[in-house]
Amino acid sequence: MNAPWHSPLDSGQLEMQLRQWQSSHPGQQLLALVAESDQQQLPLLQTCCLHLGIALAGGVFPRLLDSQGFLPGGAWLLPHASPANAALLGIHPDRGAATAARQMADQVLPMLQQWPAAQGKPTLFMLFDAMLPDIASILDELYLLLADQVYYGGVNAGSESFQPMPCLFDQHRTIGHGVLCLLLPSSANPAIAHGYAAPQQTTCATATAGNRIFQIDWRPAFDSYRQMVKEQFGAELTRESFYSFGVHFPLGVVLANQQVLIRVPVALEDDGSVFCVGEVPENALLIMLQAPSEPGTECVDSIVADLRQRHGDISQQPLLGFYCAGRSMHFGPAALQEISHLQASSAAAPLVGALTLGEIASLQEWGYPLFHNASILCSLWRSA
Amino acid sequence: MNKDQLLAVLYDLSLTIGREVTVDALLTKVVQRLLYHTGCPTGLVLSHPQGLDADHGRLLKVIGDHLLQQQQGENIALPPGLLGRTIRSDLPQALLQVFTGQPRYHCGLRLPLDSQHTILLLAPVPLLQQLPLDHVFPPVLANLSRAIKLCQDSEQLAETMQRERNQAKAALNRALRFNQALLNAIPIAVFYKDASGRYLGCNPAFSRTVGMQAEDIIGKLPAEVWPAELAAMFAQKDSELITTRQPQLFEYVIRSQQGKLMDVVYAKDLFYDDDNQIGGIIGAFIDISARKQAEESLRQSLIQAISALSSAMVHRDLSTAGHEVRVSDLAVAIGRQLQLGAEQLEGLGLAAMVHDIGQIQIPSEILTRPRRLNHEEFELVKMHAEAGHEILKDIHFPWPIADIAWQHHENMDGSGYPRGLAGNDILLEARIIHVADSMEAMLSHRPFRRQLGMEQAIAQLQQHRGSIYDPAVVDACLSLFLEQGYQLPDSKRKN
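Chains F and Y are the protein sequences, given in the same order. Residue numbers are given in the numbering used here: position 73 of the first sequence equals residue 73, and the series is strictly consecutive. To get the numbering used here, take the position in the second sequence, counting from 1, and add 384.
Keep in mind that the hints were calculated from the coordinates and are not lab data. Keep in mind it's a predicted model, so treat the numbers as computed, not measured. Glycine included, each C-beta is placed from N, C-alpha and C at the ideal position. Among the hints, erroneous ones may be present.
Said to hold, decoys possible - Just a sample of chain F residues kept apart from chain Y, beta carbon distances all over 12 Å, derived: (1) G210; (2) Q227; (3) F245; (4) T297.
Unchecked claim - Some chain F residues close to chain Y (C-beta under 10 Å, calculated; not the full set): (5) Q17; (6) Y143; (7) Y368.
Please model the complete structure; the sequences and the hints are all you need to start from.
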């Protein structure tokens, strides 16, 4: 048993399962994706790992998924043989992105020293607490420090309700407002896509601060947003219905290379400013996107094609897939079709993953790490 | 990408350029934004001061390529064709491989800023096929070129200013060290306070003198350091100093931490800050206890010497025994009536004790002769004033005792002796002693006559008020006798 496996985190069996796995794979570590509904079982998992001397790291996610769709709870346990333990570190909210990136680089650089050259360039896989408001800026700063020494990938952990909670852990502790850095094989370098079409009409975020948009086109952000929704899609938006609309009408940051980074509005302030998941650069070109009513196949096909281009035949291999919670909210039950299509198209065995609150990947196989929303992020999972 | 979208990207880049003030930050942010917008993994800035034909240049900034980052700041070879005047998005892979030493870059975008700077964006695949590069980038690049120059100028200016600041700081440190050494070296106690009176520091002499270390007083008010009376006096003096802005010099008695009483001379003045506002108070004091004791000892010696001289006079002429004491008493009383200071009164009293010391050179039989003196005898007696001056002039007194003795028979109208001085040319003390001497003489028996009565004596004074005697002195004397009931010492016994 060295493929990822799902554990119901049953107190009667967990330690025995871990003991059996450890005896056949001594020295390996575990990445755990824990369902928010079973987060109370996390201490049990940590205690077992601590007891058995297993290096554990992971995050709590709104829901877990497999090839059949969403799982009711439990945890995905993903074995890996990274030569370096994961680094779990808190990020001080007032010290800025550059400091956070420096802290991360200080942890990752020694891990890189331990990375066997024969395994090629590793992937820096990061689990952030979704409550961090400046993840994109941290990635900007981190790229200055680490450059192309790693591939970049990652997701945001946390609660689907966007309430703060300790969501990152190792075998010793569980923290919020931090990041977990894992060094994984290059196969963990993720492919990403959202498949949302960009309309021609654009606006400009004229006043922003981090992930808060104060003005769009020189007007209070909510007023402009409401008008755009009405003009482009005929929908009447109120303060009360704002949150449920956000996932259907996300904003997009347009790049010069025609790529669109999605920013889902998630909160509204009394002054009409809007909080998004992920930062919006000041004066960024914004577009109002209407998420497609049906998932279609384009997004999944694009990801699978990217993975095949990088790795050749990917069938019958464990596939780590993360599906944005906002995307799931938008598509509702139809999200399952997309997950099924991912399973069918990739022929993954197994497909393991979770709903996420933000995704991190480069747009190409290697390059600048960008923070995304409403996307699907996939990578192969090879334990060694 | 439509026109609006293009404008927004240009706007974003322009804002990025305008925000930075150092070359490194400017290049970092600009290359970051270019990578963000283009999706290229690697961006670098080349400096080639020899122009676009240069075969070597310096890697000013590298983002996204760890190997090239190792060469940042170094001179590297620039293969022909890499630089050029035009924007070019199809730099060939072979050229990029020669330049970077890596085969993975298939596409290169060249963005010349000016003849000396070029940005290169490198990617494994073509990324900006649809972007009208020739239209998008030239204005931004021209702007960036100017911004680099501005930043360079700004950095140069900042460097110069920093250098000047460092020099000023070094000079200041030197001055501070010198001042500190000076403070440490001088044996005078020095302290300094802020404008609110809190101690800022003191020198070792201060600590030695009062037994308090700097850390015992720094940050404290006088009330927290000194006894209440002393603290109140210091606070009042400080307040006066701040109000008047005039340096102060005063003597006071303080008590050290060990309880030792000390006579000290204080000097205080203000110091000012850069805005010419009062920065605080600097003060110094010297322990003059030893000097004071020496002065007191000298004073006592003088008094003893004068007493001895006076006693000698008594032994020469028993008929006038006690004359000097009584004249001295009356003279001091008159001086007090005229509101003379304590110092002057002391000199006056001592002068009165020896005013007739010159009589020591006059044959005693003349002095004691029981009849009126003839002209020649009187001329001899008149010499005693000058003789007194001769005796006393070489003794160093803090008062003009010799002159007083010389002048005590001078009259206001110039009719006196020995020099015929008049009015204010006669020392006040001499004028007072003149009156006191006459009054005492008139109220005492002499060998050649009985004492005059008080009424006659007063009449004499009044008669010669202004001609022989100083009117103010006469008035003071009369006030003493007529209004205040003054009596000469031992006058009862003598009478």
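Structure-based check of each hint:
Here G210 of chain F stays apart from chain Y, with its beta-carbon at least about 16 Å from theirs, past the 12 Å limit. With a least CB separation of 17 Å from chain Y, Q227 of chain F remains clear of the 12 Å interface cut-off, as annotated. Chain Y leaves F245 of chain F outside its interface by the beta-carbon criterion, the shortest separation being 24 Å against a cut-off of 12 Å. The beta carbon of T297 of chain F is kept farther than 12 Å from every beta carbon of chain Y, the shortest such distance being approximately 24 Å.
Hint status for Q17 of chain F relative to chain Y: violated, with the closest Cβ pair at about 40 Å, above 10 Å. Interface hint at Y143 of chain F: satisfied, since its Cβ lies 7 Å from the closest Cβ of chain Y, which is below the 10 Å cut-off. Taken as an interface hint, Y368 of chain F checks out: its beta carbon lies about 5 Å from the nearest beta carbon of chain Y, inside 10 Å.
When the structure is compared with the earlier hints, a violation turns up for hint 5 alone.
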